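> Sequence:
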Amino acid sequence: MNRITIILLSLLIFSCAPVSVVMDSYTNGQDKTVAMMKVQRVDGTKDSVIVELLTYHINGQLASKTEMVRNVRHGKHVAYSSSGEIVEQGKYEQNRKSSKWSWFGKEGQPDSVRTYEQGMLSGKSVDYSNSGKKIREMTYLNHKFHGKIIHYNSAGKKSMVGEYINGIPHGKWTWLGTNGKKERMVTYLNGIKNGPVTVWNDAGKKVMTGTYANDKKDGEWKWYDDIKGLDSLIQYADNQYMGNYRKWHVNGEKAIVGTYQNGFKTGIWKWYAINGNLDSAITYLSGTYNGSVEKYYRNGTLQSEAEYVHGKIDGEHYTYFENGELESTITYNNSIRSGPFTKWNANGFKRESGVYLNDKLDGVNFRWYRHGEYSTITTYNNGILHGIMRIYSPSGVIKKETFYHLDTPVCQIEYFDNSRMKQVLVYKNDEIVFQKDWNNLGLETTDAENKLGITTKIELFESGNLRSETSFKGENLHGLALAFNEDRSLQYLSLYIEGEQVFRRNILEPEKEQQDLLYPNSALEVIVKIEEEEI
Numbered sequence: 001m002n003r004i005t006i007i008l009l010s011l012l013i014f015s016c017a018p019v020s021v022v023m024d025s026y027t028n029g030q031d032k033t034v035a036m037m038k039v040q041r042v043d044g045t046k047d048s049v050i051v052e053l054l055t056y057h058i059n060g061q062l063a064s065k066t067e068m069v070r071n072v073r074h075g076k077h078v079a080y081s082s083s084g085e086i087v088e089q090g091k092y093e094q095n096r097k098s099s100k101w102s103w104f105g106k107e108g109q110p111d112s113v114r115t116y117e118q119g120m121l122s123g124k125s126v127d128y129s130n131s132g133k134k135i136r137e138m139t140y141l142n143h144k145f146h147g148k149i150i151h152y153n154s155a156g157k158k159s160m161v162g163e164y165i166n167g168i169p170h171g172k173w174t175w176l177g178t179n180g181k182k183e184r185m186v187t188y189l190n191g192i193k194n195g196p197v198t199v200w201n202d203a204g205k206k207v208m209t210g211t212y213a214n215d216k217k218d219g220e221w222k223w224y225d226d227i228k229g230l231d232s233l234i235q236y237a238d239n240q241y242m243g244n245y246r247k248w249h250v251n252g253e254k255a256i257v258g259t260y261q262n263g264f265k266t267g268i269w270k271w272y273a274i275n276g277n278l279d280s281a282i283t284y285l286s287g288t289y290n291g292s293v294e295k296y297y298r299n300g301t302l303q304s305e306a307e308y309v310h311g312k313i314d315g316e317h318y319t320y321f322e323n324g325e326l327e328s329t330i331t332y333n334n335s336i337r338s339g340p341f342t343k344w345n346a347n348g349f350k351r352e353s354g355v356y357l358n359d360k361l362d363g364v365n366f367r368w369y370r371h372g373e374y375s376t377i378t379t380y381n382n383g384i385l386h387g388i389m390r391i392y393s394p395s396g397v398i399k400k401e402t403f404y405h406l407d408t409p410v411c412q413i414e415y416f417d418n419s420r421m422k423q424v425l426v427y428k429n430d431e432i433v434f435q436k437d438w439n440n441l442g443l444e445t446t447d448a449e450n451k452l453g454i455t456t457k458i459e460l461f462e463s464g465n466l467r468s469e470t471s472f473k474g475e476n477l478h479g480l481a482l483a484f485n486e487d488r489s490l491q492y493l494s495l496y497i498e499g500e501q502v503f504r505r506n507i508l509e510p511e512k513e514q515q516d517l518l519y520p521n522s523a524l525e526v527i528v529k530i531e532e533e534e535i
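So that you can map any letter, position 211 of the sequence shown is 211 in this note's numbering, and since no number is skipped, the others follow by simple counting.
Since the hints were derived computationally from the structure, they do not count as laboratory data. Remember, predicted model here, so these are calculated numbers, not experimental data. Note that the Cβ used here is the ideal one computed from N, Cα and C, for glycine as well. No incorrect hints appear here.
35 Å max Cα-Cα, derived DSBU-like pairs, lysine-lysine: (1) K65 - K76; (2) K172 - K158; (3) K124 - K216; (4) K134 - K65; (5) K312 - K247.
Per label pair, the in silico range of CB-to-CB distance: (6) L302 - N450: 55 to 65 Å; (7) E531 - E449: 35 to 45 Å; (8) K216 - T178: 31 to 41 Å.
Based on the provided sequences and hints, a complete structural model is requested.
Below, the structure written as structure tokens:
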């Protein structure tokens with residue numbers, strides 16, 4: 001090995017032409033890196049230096065050729081593909097890229113061009129597509145974008161034009177469509193959106209205009225429509241809605257009018273139908289309903305109105321038919337139905353009325369047929385049946401009365417159209433424990449099965465009219481007990497379950513007022529009293 005080195009040095013010393021020295025090889029013995037060396041006088045002494053560095057592909061094709069000065073890359077540089085095409089070409093100065101550098105594709109098309117100064121990107125640069133068409137132009141300074149940057153589409157037309165200062169977007173940036181018309185323009189200052197912004201459609205008409213301040217929407221922003229022109233107008237401050245808000249229908253009629261404060265709806269907002277009629281008017285405070293809320297039919301007549309406090313309905317909520325007649329009135333407290341309510345039919349007759357307590361029916365509830373006669377009268381306690389459910393025929397005759405205690409049926413009386421009793425039922429734990437039936441002439445028709453174990457005691461007036469009738473089960477009152485006056489008018493009616501009185505109806509003098517009681521004279525007593533309501 002020492003002998004080879006001595007011979008090599010001797011050759012370098014006594015030869016004027018460069019001598020190749022293999023620096024690295026592939027495992028198959030093929031040269032990988034070869035240095036072209038030459039003896040030169042350096043600082044008054046002779047020394048061997050690399051004047052050119054060659055690299056090879058594994059197939060033996062030249063991979064790169066770089067000029068060297070004093071063992072440092074300095075001068076031309078060319079790189080090749082394994083098939084011999086140039087793929088990279090440039091220049092080094094003192095081991096740093098300098099001036100124009102070019103890169104090429106597989107078939108020799110340009111891939112990109114860069115300009116360097118002291119190893120840093122500085123100057124014009126270009127990128128190309130696989131087909132060799134220019135797709136981007138930009139300028140660098142000290143390895144940062146600086147100056148114009150232009151993008152091109154596949155047709156070779158500009159698709160974006162912008163500008164950088166020290167690597168930061170600055171000034172107007174514009175995007176263009178394939179037809180060459182502007183699509184979008186944004187203004188930058190120190191890398192953030194600051195100034196006008198505009199968007200256009202394919203036909204070149206404005207779609208939106210606005211302004212940014214420190215990367216936040218600010219001032220008046222407008223949206224446009226091809227047909228109606230101005231579509232909407234919104235004011236911003238610090239990227240929040242602030243000030244007027246306007247929107248228009250396709251026919252140019254206003255659609256929305258309102259105001260924002262600190263990003264929240266405030267004051268009265270109005271919505272309009274396309275025909276120009278008011279659709280709704282809502283009062284806001286900090287983005288929530290606060291004040292009057294009105295909604296209208298398409299023809300402009302009022303549909304509903306209510307008052308809100310901090311987003312909750314408070315007080316009366318009114319709804320109306322399209323002809324202007326009142327449809328309903330419901331009382332709310334904190335958006336919960338609490339208080340009286342009434343509903344009407346379109347013909348002006350009441351449909352239902354009652355009271356809500358914490359969104360549940362409470363007290364007497366009335367319902368009417370469309371022609372104004374009662375259909376039902378029902379009493380509730382905190383949303384459950386408690387008291388009576390009375391059902392009427394369309395002609396206004398009572399057909400059935402069912403009495404409840406805390407949602408559990410106690411008894412039921414059914415009537416013929418002539419008001420005679422048709423059937424009496426007594427319940428215990430939701431099961432019938434007593435039943436008595438009559439025909440419309442007043443004659444009893446109870447089935448034998450329902451009479452088992454039941455005895456009946458009857459008392460008559462001297463005139464022969466019925467004075468009283470009492471049912472027993474064994475020695476205990478069980479079932480029906482009723483008494484009449486001489487004129488055959490009812491005096492009282494009671495119902496029992498094995499000695500326990502569960503219902504009593506008294507006829508009070510002198511107005512013959514009816515009084516119904518459940519579990520009279522006990523801790524469970526309920527007085528069922530209904531004051532009928534005007535329709």
